[in-house]
Amino acid sequence: MISKTSASAASALADIPDGATIMIGGFGLAGQPVQLIDALLEQGAANLTVVSNNAGNGHSGLAALLGAKRVQKIICSFPRQTDSHIFDALYRAGEIELELVPQGNLAERIRAAGAGIGAFFTPTGFGTSLAEGKETRTINGRDYVLEHPIAADFALISAYRADRLGNLTYRKTSRNFGPIMASAAATTVVQVDRIVELGELDPEAVITPGIFVNRVVETGDRFEREEWADVG
Amino acid sequence: MSGNSWSRAEIAGRLAQDIPDGAYMNLGIGLPTLVSNYLPSDREIILHTENGMLGMGPEAQPGEIDPDLINAGKIAVTELPGASYFHHGDSFGMMRGGHLDLCVLGAFQVSQTGDLANWSTGAPDAIPAVGGAMDLAIGAKQVYVMMELATKGGVSKLVDTCTYPITGIGCVDRLYTDRAIFELGARGATVTELVGDTTLNELRELTGLALEYSLAQEYKGITS
Numbered sequence: 001m002i003s004k005t006s007a008s009a010a011s012a013l014a015d016i017p018d019g020a021t022i023m024i025g026g027f028g029l030a031g032q033p034v035q036l037i038d039a040l041l042e043q044g045a046a047n048l049t050v051v052s053n054n055a056g057n058g059h060s061g062l063a064a065l066l067g068a069k070r071v072q073k074i075i076c077s078f079p080r081q082t083d084s085h086i087f088d089a090l091y092r093a094g095e096i097e098l099e100l101v102p103q104g105n106l107a108e109r110i111r112a113a114g115a116g117i118g119a120f121f122t123p124t125g126f127g128t129s130l131a132e133g134k135e136t137r138t139i140n141g142r143d144y145v146l147e148h149p150i151a152a153d154f155a156l157i158s159a160y161r162a163d164r165l166g167n168l169t170y171r172k173t174s175r176n177f178g179p180i181m182a183s184a185a186a187t188t189v190v191q192v193d194r195i196v197e198l199g200e201l202d203p204e205a206v207i208t209p210g211i212f213v214n215r216v217v218e219t220g221d222r223f224e225r226e227e228w229a230d231v232g
Numbered sequence: 233m234s235g236n237s238w239s240r241a242e243i244a245g246r247l248a249q250d251i252p253d254g255a256y257m258n259l260g261i262g263l264p265t266l267v268s269n270y271l272p273s274d275r276e277i278i279l280h281t282e283n284g285m286l287g288m289g290p291e292a293q294p295g296e297i298d299p300d301l302i303n304a305g306k307i308a309v310t311e312l313p314g315a316s317y318f319h320h321g322d323s324f325g326m327m328r329g330g331h332l333d334l335c336v337l338g339a340f341q342v343s344q345t346g347d348l349a350n351w352s353t354g355a356p357d358a359i360p361a362v363g364g365a366m367d368l369a370i371g372a373k374q375v376y377v378m379m380e381l382a383t384k385g386g387v388s389k390l391v392d393t394c395t396y397p398i399t400g401i402g403c404v405d406r407l408y409t410d411r412a413i414f415e416l417g418a419r420g421a422t423v424t425e426l427v428g429d430t431t432l433n434e435l436r437e438l439t440g441l442a443l444e445y446s447l448a449q450e451y452k453g454i455t456s
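Residue numbers (the numbering used here), protein chains in the order written: chain A, 1 to 232; chain B, 233 to 456.
What the hints contain is simulated information worked out from the structure, not anything from laboratory work.
For lysine-lysine, the following DSS-like pairs were computed, each having C-alpha atoms within a straight-line distance of at most 30 Å:
hint: 1; chain 1: B; residue 1: 373; chain 2: A; residue 2: 134
hint: 2; chain 1: A; residue 1: 134; chain 2: A; residue 2: 73
hint: 3; chain 1: B; residue 1: 306; chain 2: A; residue 2: 73
hint: 4; chain 1: A; residue 1: 69; chain 2: B; residue 2: 306
hint: 5; chain 1: B; residue 1: 384; chain 2: B; residue 2: 306
hint: 6; chain 1: B; residue 1: 306; chain 2: B; residue 2: 373
Remember, predicted model here, so these are calculated numbers, not experimental data.
This is chain A alone, in the form it adopts within the complex (with noise of 0.2 Å):
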């Protein structure tokens, strides 16, 4: 019988090696996969790569592994925010590494080694300062730049629900890099809300089939609001 569910998010999390790439969901705090960012802290793994949108809010989650001095380089499009301080200070003395991507190139690198593409042509950020040394192409007289993919050893990512196959449903703009980032990691993690007995997830509305997920730990409901905690 098949079953992804972890005991815990430390189980779910102890292979992880130094040097490793890990794919972290969430956009800012949405789907953030809060609670395995923090057992990833607690578990030590270090000289990590990471791929997330951010470089972290606070002091807290992603932040935190920043602040730990554990992540040698992250690959993102947006770090500066409000309140990205520790991200900031090591930016600043040249402490991390950053590549620094467009979203849209961020999600199709992402989207694309999930889907077995050897790089591709876009139009996003030809001529600018991001495409300098990349092979460009006129096609049908656009220009476009060459993109390469980005794969994951690990993918952290957070959805609403789960059964134990790996089906994951999400909520809301929580969704954000989930289902692309679960496609393009050797193993993927999951956190949810809550794991439901197999068939309660109505097939038509699974966003992430259980193939792209190998792991799957119960964090609990995140809302004191019954009819949030109830939607699908």
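Given the structure of chain A, go ahead and fit chain B onto it with the hints provided.
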């Protein structure tokens, strides 16, 4: 309006009048967000937010804040009937694939041929961040920029050639400012509307550009 210039709210209000019924539109972070306060009530306009939603409603009020429902500026928002959610790959495919009718962005500089500079001032000690700016600039069928025409120091932000790092080449179609509205294109900038008693000569002097006046072209982004 005071004499010869519009407030930011007035720029937003004027721009909103040019958004056609049925438009799928993205409003950039910052100044463009103001436009949502002035959408004509007799038109159905669907707002896209690049973190994965169509049919975005107004900012959430206390008591209705949902941490799973935010906009690109990470502000809590609401959903309207007919809303939909999708992942980032689809959201930026929508943009890059030319499915959005209109996008409104802010800018540090815009060139007369429509080059946009809005993601970096190039300051050596700045923390870089680009987000969706480059995707939005080249993706939507029409790109409108709203900004004050001059810096606080009186230097024109509509320029011959951008000196700040560019976001996209030749991507801005219209420029809405406190002094005038411009159409931009390969042949340069054309003034289509003057604010108050602003004159064409004043604008020529401020921008250093050989500006001409012409009536605005009809909006051509909607095909239905």
